[in-house]
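*Asks:* Once you've looked at the hints, go ahead and assemble the two chains, each given alone in its own frame, into the complex.
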Amino acid sequence: MDIGALIARGVLRASARPRLLLALTLAAALAAFAALGGVRLAEDVRGLLPDDGSGLAEDFRLLGLSPLSRLALVEVRAAPGATPEELAAAAGRLAGALDPAFFSEILALPSPAALAGLMTLLLDHLPDLADDSDLAAIRATLAPGEVARRLARDLALLASPEGWWQKELIRQDPLDWRRLAAAKLAGLRPAQSVRPAGPGLLAPDGQSLLILALSPVPMTDSARSAELLAGFEASTAALPPGFTAGLVCGHRYTAANAAAVKSDLAVVLTASSLALVLIFLVFLRLRQALLVALVPLAVLPPAALLSHWLMGGLSGITLGFGAVLMGIGVDYALHVALALEAGDEPAPLAVGRVSRPVLAGAATSLAAFGALAFSSLPVVRQLALFSIIGLILALILALFVLPALLPAGTAGGRPRRPAGRPAGLPAPRRGLALVLLLAVLACGLWWGRQVRFDADLRALGSRPADVLADEARVRERFGRLRDQALVFASAPDLEAALALNETAWRRLRGQAPGTSLTSLAPVLPSAATQAANRARFEALLDAGAKDALGRELADSGRALGFAPGAFRPFEDRLGAAAPAPLTPADLRRSGLGPLLDLMLVETPGRVHLLTLAPDDPDVARLFPAEPGAGQGLRLLSQARFTADLTRAMRADFIRFLAIALAANLVLLRLFLPGWRAVALVMLPLAAGLAGLFGFLGLTGRALNLFGILALPLILGIGVDYGVFIYWACCGRLERAAHKAVLVAGLTTLAGFGSLLLARHPALHAIGLTVTVGVAAALAASLCILPALLGRRP
Amino acid sequence: MMRRLLLLLGVLWLLAAPALAGGPRLEEVLAGLKAKAQATGTIRSRFVQEKRLAMLARPLVSEGLFFFRRPDALRWEYTAPVRSYLVMHAGRSRRYSELSGQTVSAEAGADPLAAMMAAQLLAWATFDLARLEGQYAMALESADPVVLRLDPKGAANGFIDHLRVAFTPDASSVAAIELFEPGGDLTRLTFHDTVLNGELPPDLF
Chain A
197 MDIGALIARG VLRASARPRL LLALTLAAAL AAFAALGGVR LAEDVRGLLP
247 DDGSGLAEDF RLLGLSPLSR LALVEVRAAP GATPEELAAA AGRLAGALDP
297 AFFSEILALP SPAALAGLMT LLLDHLPDLA DDSDLAAIRA TLAPGEVARR
347 LARDLALLAS PEGWWQKELI RQDPLDWRRL AAAKLAGLRP AQSVRPAGPG
397 LLAPDGQSLL ILALSPVPMT DSARSAELLA GFEASTAALP PGFTAGLVCG
447 HRYTAANAAA VKSDLAVVLT ASSLALVLIF LVFLRLRQAL LVALVPLAVL
497 PPAALLSHWL MGGLSGITLG FGAVLMGIGV DYALHVALAL EAGDEPAPLA
547 VGRVSRPVLA GAATSLAAFG ALAFSSLPVV RQLALFSIIG LILALILALF
597 VLPALLPAGT AGGRPRRPAG RPAGLPAPRR GLALVLLLAV LACGLWWGRQ
647 VRFDADLRAL GSRPADVLAD EARVRERFGR LRDQALVFAS APDLEAALAL
697 NETAWRRLRG QAPGTSLTSL APVLPSAATQ AANRARFEAL LDAGAKDALG
747 RELADSGRAL GFAPGAFRPF EDRLGAAAPA PLTPADLRRS GLGPLLDLML
797 VETPGRVHLL TLAPDDPDVA RLFPAEPGAG QGLRLLSQAR FTADLTRAMR
847 ADFIRFLAIA LAANLVLLRL FLPGWRAVAL VMLPLAAGLA GLFGFLGLTG
897 RALNLFGILA LPLILGIGVD YGVFIYWACC GRLERAAHKA VLVAGLTTLA
947 GFGSLLLARH PALHAIGLTV TVGVAAALAA SLCILPALLG RRP
Chain B
1324 MMRRLLLLLG VLWLLAAPAL AGGPRLEEVL AGLKAKAQAT GTIRSRFVQE
1374 KRLAMLARPL VSEGLFFFRR PDALRWEYTA PVRSYLVMHA GRSRRYSELS
1424 GQTVSAEAGA DPLAAMMAAQ LLAWATFDLA RLEGQYAMAL ESADPVVLRL
1474 DPKGAANGFI DHLRVAFTPD ASSVAAIELF EPGGDLTRLT FHDTVLNGEL
1524 PPDLF
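Going down the list, the protein sequences come from chains A and B.
Under the working numbering, the first residue of the first sequence carries the number 197, and numbering increases by one thereafter.
Under the working numbering, the first residue of the second sequence carries the number 1324, and numbering increases by one thereafter.
Chain B on its own, in the form it takes in the complex (with noise of 0.2 Å):
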């Protein structure tokens, strides 16, 4: 009676063992993410930016546009409701605001703030995996379409509880990034229209 009923479970693990093991892991997830990212040399995109903060009694969207060079220059530019820009080429910086009508350039290092949001964005929109893993611990929340649960490591990030990556059903780039904060506040960027490997105007870094 045992024998049989070990024989049993033996024949239940055999069968099971395939769909346990089914789903494509981490690892794989993230060199093919890697693989793509590396083809990929410049990006445009459109973004929606919905963030839901405690101090905001109504959800504050915003629209813009996102603009990637390999290997490092970024533009990062709203365009309603108030039009402002964040450009990092080659170190330098750029940072513009409708509301103060000031244009402020930095040289390299000496705008420590654009330089930080600039590596972020960029190793977000990007998924730039070997920066993006040393600040952060990842887990496979999907497989199809990619969500990846990104928790970060230590306090750097103080003012991030954790983020959602999701990518476009290829893979190819990005599709949304969700920044859940500690309090509860919630950002949400939506990225559409996005044109991998396309000319980009050289003035727009």
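So here's chain A without its partners, still in its complex pose (with noise of 0.2 Å):
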């Protein structure tokens, strides 16, 4: 049987009852709104990363490991004239007054008093951390004449200022041996000019000083993060007079993101309604708005607590972004709503006829959202369930409830006009519309090739311009801290960790010689490290060695004024027993506990250590990313995390584009008589991938992920566009499918175009693609594609 027969008599059947059908139709709406009350909207940003085993969702897991990433940093700046002294007091006051509810640790430094303690330590434990460069340098010291000269500087030292310090040292160590563990410890520095002060780092110019606290925040919570900001600002009330305050944290883009959101829904949303609302008072009845209008408004909320049960969650970018795709539900309802409104026949059959071009349409709108079901990202998978549920449900309504609410003939029984052009509108000549459609396919083709894709997540939210400017500030006053690459080394056990930390370190010293390392290897090398240092040492000194130097000391003491056993600390020390190998305790014990947790942390059967390195090519080469090309070895690097996310993307991209293409082909062959047909059909939409892509070319923008989202809503619309003005014009519909298509299309242009009002990066581009890409084939469809129909029977 004829699907257009088969759909006329379900309508009839269903026009039997319209109050229960509108009744049961609101109820389930309101059932599944209110059932989706209950839901917790996922704000996890991992359902952007592909989950194909390509690595990207690993390094993510691993970074959420990492404390650096619940890193916050409060810079506090001094008064003017202040002295280092008072800041570091400014910035003990502020760091006691924040609220352990959005901070919950102060990474403290070492006090230089636990800095003495940690040289001694290390002096204890040299010969387990001494490489062959500091043998070497201490074989230098042990030279003829070098004791002497060494033990002369010592006395200089003594008479200085500086010997009220420093005489305990050198009792410890007359050679300054300490100089080795002194450049051991700079290696635990983020940043090598700046220095422990205070709660914090000093920076160079002693005018700035930065707190690194954890939050217990997450990321990713907008209402949190606000609360955190404010929370920080109430704690700045404790600054002295003329001191200030800034944070640099995550919590200040989500923060700022969910304003600009807020504002922007408020104006996107007045802008967009008075347009839909002139839209619709310029081209429908009021009845018909309404009960078109409820079509979209029925359909979302089952359509989210269908996904959300199929799914297992629902993401807030699904809800957000689908709610806006799903806007293409609103043109069945259009479709035939103006069907039935040419009433010269009665509704069963009028819808029956528009029926045929309606599922046409929307089986390749389907195809569209289906083809994003093979995307390696979830969230994009979880879109394309929400959507295709939300579009069958959609089609449902407009085919069989609002014909049953809307009956036919509301059009007063005006003639039906022949096929063909609505009067009216320009005629174009084919002549013209084949070079305007040829000049847009080569623009696209053109500039399209230009188009890049960005998959920076960062630049998808919103990053206010003082945000930018405190991290900059803190970037040059302090490194980055935040923007390092991460290099993991994990392992079943800390031995082994260790063992492999010192790989990346050595990897990292001997190939990339100059680059700024923080990493426990110099203070922390494995036991079996320690072990095969002290040998080498014990080699270097052993008790002959011992000996002959401690001769020379008292002698060369001796003539230089020292009393006998000046030095006897430090050949105590020399000739006690070798300690047991130096662990993560004894550097807690030292003052080393916040370092060690922000680098060193366990999971369950892992240990993982970090070492931060700089985000360069050259870091990057030292660490395939091949999986276990690194061999336990793991580089976490933004500039790499994203080349693989828009490799990722452009896969997904071009895995899309084929499918969803193939899929219509097939559909369109399925609904039309030929092949011609479907080119023709196409046409559209050829025409708005080739505005957009020429457009983003030609102005030099990138694609981004919810621009790769909003794709099959052009696609979709595009052959839809196609589809009735070809059945338009081939007199299988009436003039209404042209006034359909020209506001179905400006509704959709007042719901997109209103985006491009936002401040939202995101929204923006959203707006910006869609607008653009279905205005092209909105133009195409309405101007062009008649043109090229018209000499057709």
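Some clues are possibly wrong.
What the hints assert, rightly or not - Derived pair list, reagent style SDA-like, types lysine to any residue, alpha-carbon separation capped at 25 Å: (1) B:Lys1476 with A:Gly313; (2) B:Lys1476 with A:Trp361; (3) B:Lys1476 with A:Gly288; (4) B:Lys1476 with A:Pro688; (5) B:Lys1357 with B:Val1427; (6) B:Lys1476 with A:Glu358; (7) B:Lys1359 with B:Ser1495.
Stated by the list, open to error - Here chain A is said to cover these stretches of chain B; the calculated rule only asks that three of the stretch's residues, wherever they fall, bring their Cβ under 8 Å from a Cβ of chain A: (8) 1352-1365; (9) 1413-1422; (10) 1465-1476.
To be verified - Far from chain A, by Cβ distances over 10 Å, these chain B residues were calculated: (11) Arg1348; (12) Ala1438; (13) Thr1517; (14) Leu1519; (15) Gly1521; (16) Pro1524; (17) Leu1527.
Everything labelled a hint here was simulated from the structure, so no lab data went into it.
Glycine included, every Cβ here is placed at the ideal spot set by N, Cα and C.
*Replies:* Quick look at the structure:
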């Protein structure tokens, strides 16, 4: 049986009880809406990462393990003329005032007093830590005459004011081996020019101090982020007059995004509502307008609820963006409503006739959204399911519920116009239309080749200038604390992880010399390495060498005026039995606990050690991205992450286009009489894509993730317009089809065009992509396609 | 009998009271020192430093020069046996040692050790009462000449057991500082040829 007849029969049955139908529809929508109230939307960005085994999701999981992802940087700025000591005191007051609910841990660095203890610990373990270059330096201090020279320097040091502080260190280390230990500690500083002071790090100019704090507030929690920022502002009241403080953390972006979206929504909804009301008032009757508008509203809640049940969760992106995509659902209702308005035949027949192009359009849109289901990005797959469910529900409402509520003949029995263009539209010439089409396609091909994919997730969000300025300021004074690449050395146990960490350190030191690194490796090698180091040290300073050194210290010391036994602590240490290998607990007791918290992470069955390195290609080359190639070492780099995500998005894009176009061709061939018709129907889509990519290439804009998600909409809408115009021009639909396409196009442009007023980059990008693409497709449908179809019978 | 005894005690107390209260109180001495210190714009002085340390067989004697210009310019220079100096001015520091032959300059806050040393030397040698009162508990050991004992408050200065600061007879400047360390080590600084409020070459700092 013909599909139109089937639909007509269904409409006939449904029309028997219109009130019941309306009540059921509203009840279902309201029930679903109520049920959605209990659904917690996922705000996790992991949905935006491919789960195809490419390693991006694993990278993100590892990043989540790193305490650095929870790091908040508080910059305290000195009052004019304030000394570093006053700044440290002010920062201490602020650190004490920070609310633990928002800043659970202050990563205090070792105080100068603690550093002295740490130095003693490292001197005790110098034989365990000394590598080949250290041993060479130690050997140099034992050269003839060098001991006497160093003791003379010690004497001068003792005479100076520094002598008060250094006296005990000189007794323990007359040959100044502590420089070797200090060099190892320097590897733990995030920037070489900063130094610990008060509760944080003092900038080289002494006018700015950075407090490192960990926050328990998830970076994606917009409400708590706003509370955190308010709490921080309240804490700054503890600062003395003239001192100021700024905060650098991901929460500022989250709060800024939420605020931008909130203000954008007010603007966008107002603008789009006004535009829609105007369009509906011009083109539709009140009853039509109300019922047509009801379709997407009635469809959204059940579609969201069903998606939640089927996927086991619902992303905020899916709901927000899916609701926008569902705007296409209103088009079906429009076509049906305007077909009924023509009113020269009973509603079932009118709906039956329009159902064929409606179904064809819906099938192609469903195919387009179905193609998204092959994406490697979970949130895109969820979006595909949500859209498919929504479109099917919108189709059912448009074909069966709407006709029951909107009787035919509302146009007052106006005679049907012959097939072809509606009156009032400019009559395009076929040749001109062809030239225009070819020009659009050529532009799209030419400039479209230059379109880039932008996978930087940060670019999808709002990035206020003041936040960026604060970040730049902290980066300039304290180095790249937040934008570093991370090398993860992961192993089942601490010993293996330490060995891997050393490998990473050696690789970075050896093949990317001069790079600024922060690593535990110099102060915490594996037990095996410590044993090997000690063995080499003992070989250099065997019993005979130690005796000789003791004699030289005594002789040279006596000559310079040192008392006998002045360096007893040094000699005792040299002669003492080897201590147990240095452990994280030893370092923790010596004031390095906060650094260990940052750089040593334990998870069930795994130990991870982190090294911070510059995020540049030289470093990236040392740690290949292929799974397994890193042998337990994995580089997490924003640059590589973005590059990998770009690759995944490009692959998704190509896969989507291939599947969607192939499915569209097959489906259209089922509905249309031949391939020529299929080609003609696809022309608006081709013009839409060409217009979009030409525009993007010409203006140098990149296609981001949301742009890709908007493509099915352009694809579905473009084909829909082609189908309806084709049917109308071939005499299978009346002029209402043109009006329906025009109204549908205008409503889409009103909705997405209003997004151009948004400040939020993602909303703006969606608005721009869809507006440009749909505008080109609509223009091609109404002006070019009818001209090309004009000579058809 | 008892009445007489009480009367005698009363007379004795009245006679003794002026003698008991005769010496100036610490607050008065400090106020006097503060007033004189505030009137001092520059100091130029020679010093002899004698260190008696357990790790040395004999005292380590050094000689040097001390320059100060209000509010915060300091030059602490050893001239013998090894020349070295520490200069602090407007928060910036400069250190030099003949042994290393190197001069190390640093912006404010970049050389905390130099800053700490300079702050202590400045406080002691110029008797910066505002700073010292926060760090030390003071006791008057002698009023003429003024000798004060300074005991560190808390454990902030772990290398100091206590200080003894002696002033010139007219109490216009510090004559000597003795720094006693917890292990019994002693550093004595004796200032001489002190000139107050004289011209200082600008390139000193």
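*Asks:* Would you mind marking each hint as holding or not holding in the structure?
*Replies:* Verification of the supplied hints:
1. B:Lys1476 with A:Gly313: Given pair lysine 1476 (chain B), glycine 313 (chain A) holds - Cα atoms ~22 Å apart, limit 25 Å.
2. B:Lys1476 with A:Trp361: holds (18 Å)
3. B:Lys1476 with A:Gly288: Holds: lysine 1476 (chain B) and glycine 288 (chain A) sit about 20 Å apart, inside 25 Å.
4. B:Lys1476 with A:Pro688: Given pair lysine 1476 (chain B), proline 688 (chain A) is violated - Cα atoms ~50 Å apart, limit 25 Å.
5. B:Lys1357 with B:Val1427: violated (34 Å)
6. B:Lys1476 with A:Glu358: holds (21 Å)
7. B:Lys1359 with B:Ser1495: holds (6 Å)
8. 1352-1365: Per the Cβ count (0), the hint is violated.
9. 1413-1422: holds (count 4)
10. 1465-1476: violated (count 0)
11. Arg1348: holds (31 Å)
12. Ala1438: Violated, because the least Cβ-Cβ distance between alanine 1438 (chain B) and chain A comes to about 7 Å, which does not exceed 10 Å.
13. Thr1517: holds (19 Å)
14. Leu1519: The claim holds: leucine 1519 (chain B) sits with its nearest Cβ about 23 Å from chain A, beyond 10 Å.
15. Gly1521: holds (24 Å)
16. Pro1524: holds (23 Å)
17. Leu1527: holds (18 Å)
Checked against the numbered hints above, the structure breaks hints 4, 5, 8, 10 and 12 and satisfies the rest.
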